[in-house]
Amino acid sequence: MSILSAVPSAPSDVVHRRDLLPSSVPLRFLDSDGHWNACGALFQPADHELVALHRAMVIGRRFDTQAVALVKQGRLAVYPSSRGQDACQVGSVLALRRQDWLFPTYRDSVALITRGLAPVEVLTLLRGDWHCGYDPYKFRVAPQCTPLATNCLHAVGLAHAARFKGEDTVALVLLGDGATSEGDTHEALNFAAVWKAPVVFLVQNNGYAISVPLSKQTAAPTLAHKGIGYGIPSLRVDGNDAAAVYSAVKEAAESARAGGGPTLIEAVTYRMDAHTNADDATRYRSAAEVELWRTRDPIDRLQGYLVARHLLDEHALAAVHAEAEAFAAEVRESLSEDACRDPADLFRFVYTEPTAALRAQNAQLAAELAAADHG
Amino acid sequence: MSILSAVPSAPSDVVHRRDLLPSSVPLRFLDSDGHWNACGALFQPADHELVALHRAMVIGRRFDTQAVALVKQGRLAVYPSSRGQDACQVGSVLALRRQDWLFPTYRDSVALITRGLAPVEVLTLLRGDWHCGYDPYKFRVAPQCTPLATNCLHAVGLAHAARFKGEDTVALVLLGDGATSEGDTHEALNFAAVWKAPVVFLVQNNGYAISVPLSKQTAAPTLAHKGIGYGIPSLRVDGNDAAAVYSAVKEAAESARAGGGPTLIEAVTYRMDAHTNADDATRYRSAAEVELWRTRDPIDRLQGYLVARHLLDEHALAAVHAEAEAFAAEVRESLSEDACRDPADLFRFVYTEPTAALRAQNAQLAAELAAADHG
Amino acid sequence: MAELLERTGLPAARPVTMAAALNQALSDSLAADDSMLILGEDVGTLGGVFRITDGLAAKFGDHRVVDTPLAESGIVGTAIGMAMNGLRPVVEMQFDAFAYPAFEQITSHLAKLHNRSRGAISLPIVIRIPYGGGIGGVEHHCDSSEVYYTATPGLRVVSPATPGDAYTLLRQAIESPDPVIFLEPKRRYWSSETVQLDRTGPAIDRAVVRRSGSDATLISYGGTLSTALEAATAAAEDGWDLGVIDLRSLSPFDDETVCAAVRRTGRAVVIHEASGFCGYGAEVVARVTEQCFHHLQAPILRVTGFDIPYAPPTLEEHHLPGVDRILDAVERLQWNDTVTPPRDRA
Amino acid sequence: MAELLERTGLPAARPVTMAAALNQALSDSLAADDSMLILGEDVGTLGGVFRITDGLAAKFGDHRVVDTPLAESGIVGTAIGMAMNGLRPVVEMQFDAFAYPAFEQITSHLAKLHNRSRGAISLPIVIRIPYGGGIGGVEHHCDSSEVYYTATPGLRVVSPATPGDAYTLLRQAIESPDPVIFLEPKRRYWSSETVQLDRTGPAIDRAVVRRSGSDATLISYGGTLSTALEAATAAAEDGWDLGVIDLRSLSPFDDETVCAAVRRTGRAVVIHEASGFCGYGAEVVARVTEQCFHHLQAPILRVTGFDIPYAPPTLEEHHLPGVDRILDAVERLQWNDTVTPPRDRA
Ligand SMILES: Cc1ncc(C[n+]2csc(CCOP(=O)(O)OP(=O)(O)O)c2C)c(N)n1
Ligand SMILES: Cc1ncc(C[n+]2csc(CCOP(=O)(O)OP(=O)(O)O)c2C)c(N)n1
Ligand SMILES: [Mg+2]
Ligand SMILES: [Mg+2]
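Chains as they are written, first to last, in this note's numbering: chain E, 9 to 383; chain C, 9 to 383; chain P, 838 to 1183; chain F, 838 to 1183.
There's no promise every hint is true.
Stated by the list, open to error - Label pairs and their computed distance ranges (CB to CB):
no.	chain 1	residue 1	chain 2	residue 2	range
1	C	Ser223	E	Ser294	28 to 36 Å
2	C	Arg265	E	Asp308	45 to 53 Å
3	C	Leu300	E	Gly124	40 to 48 Å
4	C	Gln372	P	Arg1101	23 to 31 Å
5	P	His900	E	Glu331	32 to 40 Å
6	C	Arg265	P	His900	48 to 56 Å
Honestly, the hints are just simulated from the structure, not real lab data.
These numbers were taken from a predicted model, which means no experiment stands behind them.
Glycine included, each C-beta is placed from N, C-alpha and C at the ideal position.
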């Protein structure tokens, strides 16, 4: 902060920091055929970590398909599926510690499930019951964010506050390829870099913002190329390789913890379902494209590898699937009857203490409802 | 726009586009001692162009000092001086053609003067007379913009519209180092790149946003490193070398014209005066720093070179200064008496046709003023 | 008939939804004016999340119907630059709350550039915003944001209540030389009306009397107009004669039409679903009371949404003004005993 | 005395400007609460363009008084994250119109996160905004933007009118568990008052009677309160007894204090410099009229800025409500002939 540091680098050399650029090939351990490749840039997850990743993906996938079914049955109002992005949802969350924070979007219900939240709480918003169904402080998960990119700034602020208070906390924020076009993403990356805030930005690049393809969203070589413009190191990973996502986020989080500041990670992946059940994806993408990505399924990929390496046998596999089925049953169960809804809640949380006007409006509504009961 | 172009580049090589990164040394022809160096990256301006740059800078500088004096005399309410940034103001504007557009900020009065606008029109806003003193279409200069970075989007839209209509027009937008932190700068760079809009972004990096030094504004290697994140080629030039600014903007404009899309140029320069007359720069920068930059004066630099090369002799020099003095006199003259101000103007331009309510309010004010005259 | 076709692009009266009417208005405007183009998120290939621009990209090309990058300030800001260069952009904001990132461009530039340039710059831009609730939408998808715009001089703000008027108002908005915030009551998108779409009609700044009545005047617009009409119908069954005014233009306000009706009835209720506190209804009450004070038998009442962030879907029915709440307000209009309020006669 | 010092950080009553009072409030809050920090553009080294944070960075360190990068959405958005993690950020927006880039963060998050999380998240954030004109400022530096915030449920909105109250209100705002938009009438920054700064005083949501009067009630706040008081003084010379209410809290509104005064006088004028159309005064008129209808001898009138973008410096005198315009309105309060309006007696 010395005045001289303020001298705009007068015509003179600057360090070029090419090291901030992503690799030219997305980092990965597992290719679509389930073959393992060394990846120098990333530390290699231990076998038990790979098994854990697989288990969480199977459960997450089952949750996702169950939620889709619940929409069809009218138990849920809307659900944005993340099927196909399972490796991002699970790999990033398992890389976090208890004291870290997660800033998810509407797309990231599976990430929340992986973090340990109860399904009924995760789905409260989507069943139309209340805006946020869980206590953000319990698992250190911010409310799922709908206004795109706005959560990036919250993550930076929370992470900076943690450093301010001397806490060992890292914030992981999830955003999509489309959200990278919003001004808030830019401001968040910049604030994080200037403050060296312990934040990991994970862009789930699934190729579309609803119907808009990446080619209409950006002309950048890759989204990871945005990092250098803020002085932020960037990684580009195969978003369908849970091992790569897991290890990239873990390394980024450790660097943040060590005072290295933020990291930008682009995970290249694909959303297999429509944007939400309300969307018709056939209007903007071809069956061929979807098929192409089916061959890159993150679960098949890891499962094939684990089985081949005998880290997963039939029994273990069956056990995981049984666990997933039990979980799905729990989900159906917990959403079977409507939550009780108290109209008075409308007025309770607008301010810490309801204002006189809100108390009066609450009373008016109560009177109307009472009259309706008797009428 | 084909569906396949929409497939997110599946795990595979990407062109790295290092060519989009700026040079590690700011491009320049003239160093602070007035020595000419070859600069392969830029075409070399012709001698007569250099002479024109010098003349315009001398006149612009004189205008600037005159405006500062007028503030002291109370003829102007406020004036943000660009002294020290003369090479940016003049070099960029002289690189434009008649059919090109300029999108300036509050800082860029000298650029407007160089573009040919009448001083009294340029200074109308700053004398508190009316918001924009000139017809933007006459010289194709947008109103000087105060909300930072917002003008970047206007430039992109106007340039895109020109291509839409098949017009050969390039838009040059000026912004400061601080403005690069705003979300609108990000959105403008991105829209321009995706649409391949014929726009040149010139960042006058004078090291400060009012009192905030660049080190608190960004952690990027340089501001020019932001281009690659949008797929935009970037140049970094010595902003106190008029030849370098001129040639960089000219090349960027030609590339835009040829369909090459936008270019981001960072010009490293310095504001010798305070942010405005209302600001006290001693609060945030040292005399030593200002002195350092005095040795890099853009006019001395070019003048020394032109004289050494006999492109400028005593007579020519005297002539230019006489012209500048005459111009300054014209400025004083044109601001000597108050413009007539019609309160009815307050209601005239809110909508194309004043609404009934505005007509009534106009009548009310007129009645008040009439009463005051008679009372 | 040919002339009719030319005028409306439609053969004759037929049942049409508000969504279809808006789509037709955009299509006819694109056909009528080469300088008009549509900008927004998902407006091209997809036809918009509400399908209001369905088929337009295929028909007019994706240079006329543009899927922009995902950035609302960017969309409005570039639209301003385009208008400065002679184009007529019609911008679609995907939902009410997602127009907020564009707030600075709208308030500091869109609303002010004409004034700032002393009339040299005109910005004939329309910003279409699907607004309000009633569709079981989640947070950020149901805001009634009209007052943010009506409180900003330099903007015209209009909101249609019927399919036919949606067509007329949108054609008028696109032809207006002033920037127009065009608020579409999304819960009325699928409402249908048998009407012949016509670009001519009441001027863009005029309110219309949807039902004349002598006992009291209901004043509304957009999504709650139909509720007001239902209330008037229900009251009529009790022999009660309520008039209903559709404001159409929120800014400027049509004092003439509204005050004439209120002076006749001496009683009025303003209805909208936006929160009451500093909501649009406050202006209606304030200005109409000032102009009609001695004709008023009772204070003009407001039936509005509560002063809360928009309710979750399962509770929104309680938040939205309904027929009963409107009739309750009518009963509170301090009827003297020569006339009995509707319910007591039921 | 020691206790007094503790309470106010000042020995005793002395002449103090509003700018100094605000600076003192910030300094005392920083000293009192380690979790409080200041964020903004130029608030550190420079002490703010209005010097409201002068000396605070030197005293408390630049980790407590932070010069942020130049991005308002970024400032408010990161402040929200900080508050989620237990800090109490006080944000300075450099000028009214430069808060607009933060509008989405303010309306969609700052105002709603407490509600969205069913009370789990509290955002004790204060956003200080120097607002309004009267200082010869150029465009974008003189907006009266209060209604954008008062129309947004979940925000508290306050505006002090005197140096003493500036100290009290700011201390209260910083201690409030709710987000507070703190509107500073910049043209009053250099006004001085001999007062003992005291954090205790009327509650944050109460209006105060600055002058009691029996003929009519002037209702104002912020920059125009002093104009209202001048008008009352001028009227008094004509034997005219006007009361003046300082609202202080724009949201929530103090119905009790205001309605009590209006019922007594039966006549009222609301004064603010923001445009009248959908301005804050509309809500005051609507709600007070509804509650005091039968006590009113005349409609409540509004004296406000015109419905235009803020005027250029050389014309702003015509735009801003002045004493004469207020007295003219008082004269239009339909006095019957038993009482004569002030001017006629002059
Ligand atoms: C500020 C804002 N603008 C628009 C929207 C509407 N919207 C919801 S999701 C979406 C697409 C987001 O795409 P992306 O960021 O790639 O995330 P994905 O849905 O692909 O996971 C849009 C436009 C929004 N939620 N917020
Ligand atoms: C959106 C917005 N926020 C804040 C301001 C107040 N402001 C005016 S100039 C300025 C500093 C701009 O610095 P920079 O972009 O480097 O341009 P310079 O003044 O150095 O030429 C600030 C913060 C503004 N004009 N607009
Ligand atoms: Mg996406
Ligand atoms: Mg600068």
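Here's how the hints hold up against the structure:
1. C:Ser223 - E:Ser294: 28 to 36 Å: 49 Å, violated
2. C:Arg265 - E:Asp308: 45 to 53 Å: 51 Å, holds
3. C:Leu300 - E:Gly124: 40 to 48 Å: The hint (40 to 48 Å, Cβ to Cβ) is violated, given that Leu300 (chain C) and Gly124 (chain E) are roughly 57 Å apart.
4. C:Gln372 - P:Arg1101: 23 to 31 Å: Holds, since Gln372 (chain C) and Arg1101 (chain P) (Cβ atoms, about 27 Å apart) stay within the stated range.
5. P:His900 - E:Glu331: 32 to 40 Å: At 53 Å between Cβs, range violated.
6. C:Arg265 - P:His900: 48 to 56 Å: 19 Å, violated
Hints 1, 3, 5 and 6 from the list above are not met by this structure, while the remaining hints are.
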